[in-house]
Amino acid sequence: METKIEILQKYLPEEALGKVIELIERYPCHLKIVNKRSSKHGDFKRFNDGKVQITINNDLNPYRFLLTLVHEYAHLVTFREYKSVRPHGVEWKRNFKLLMLPFLSPEIFPDDLLKLLANYLINPKASSDGDINLSLAFRNYDRFSDKTLIFEIPDRSRFQYRNRAFIKGKKRRTRYECIEILTHRKYIFHPHAEVELLK
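Residue numbers for the sequence shown follow this note's numbering, beginning at 1 and rising by one.
Simulated DEER-style distance windows between Cβ atoms: (1) N58 / P110: 20 to 28 Å; (2) E14 / N48: 36 to 44 Å; (3) H184 / Q53: 39 to 47 Å; (4) S38 / S84: 24 to 32 Å; (5) Y187 / S127: 15 to 23 Å.
No lab work stands behind these hints, which were simulated from the structure alone. As the structure is a prediction and not an experimental result, all values here were calculated from the model. Note that CB positions come from ideal geometry on N, CA and C, so glycine has one too.
Please put together the full structure from these sequences, using the hints given.
Printed below as a string of structure tokens:
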């Protein structure tokens with residue numbers, strides 16, 4: 001049976017492993033690596049019996065995996081300190097920055113990501129996908145994907161998402177209003193939604 005270290009080293013930058021082990025030993029909880037979820041990279045859950053759980057998607061590149069892991073541990077630390085505060089409020093932001101600091105080094109992150117991460121951590125959003133430059137930079141380290149992001153395709157393009165066909169519409173503030181071809185219903189898409197362009 002694989003140890004915790006053997007499992008984690010498959011997903012993390014090599015130089016980050018020791019610091020991550022320190023983090024998870026300092027703040028024990030049930031940590032699960034799960035199959036890809038299209039709506040999130042990771043999550044933090046509290047159960048009625050007082051137990052807590054962190055899950056991280058197994059398809060993330062090592063740099064996004066590390067950032068997501070620390071993001072979720074910041075929720076755990078914030079919960080232990082305050083019990084009930086806004087999920088991505090000032091308390092979480094402070095803890096996220098403090099927990100990320102030991103990892104912000106050129107031994108762990110490539111230079112292009114390091115600069116963007118430093119900027120992102122000034123005022124971190126609920127998701128790293130909310131920072132378009134950081135999100136695109138992370139994509140450069142992803143395993144090959146035949147999908148594209150919705151903001152990259154022209155308006156009126158036809159695309160497939162979860163086996164359903166849509167037409168890309170106009171951008172409304174931060175998201176795109178698209179029409180499902182079969183039902184003519186409107187749906188709102190995050191600009192970083194991965195879609196497959198239809199001919």
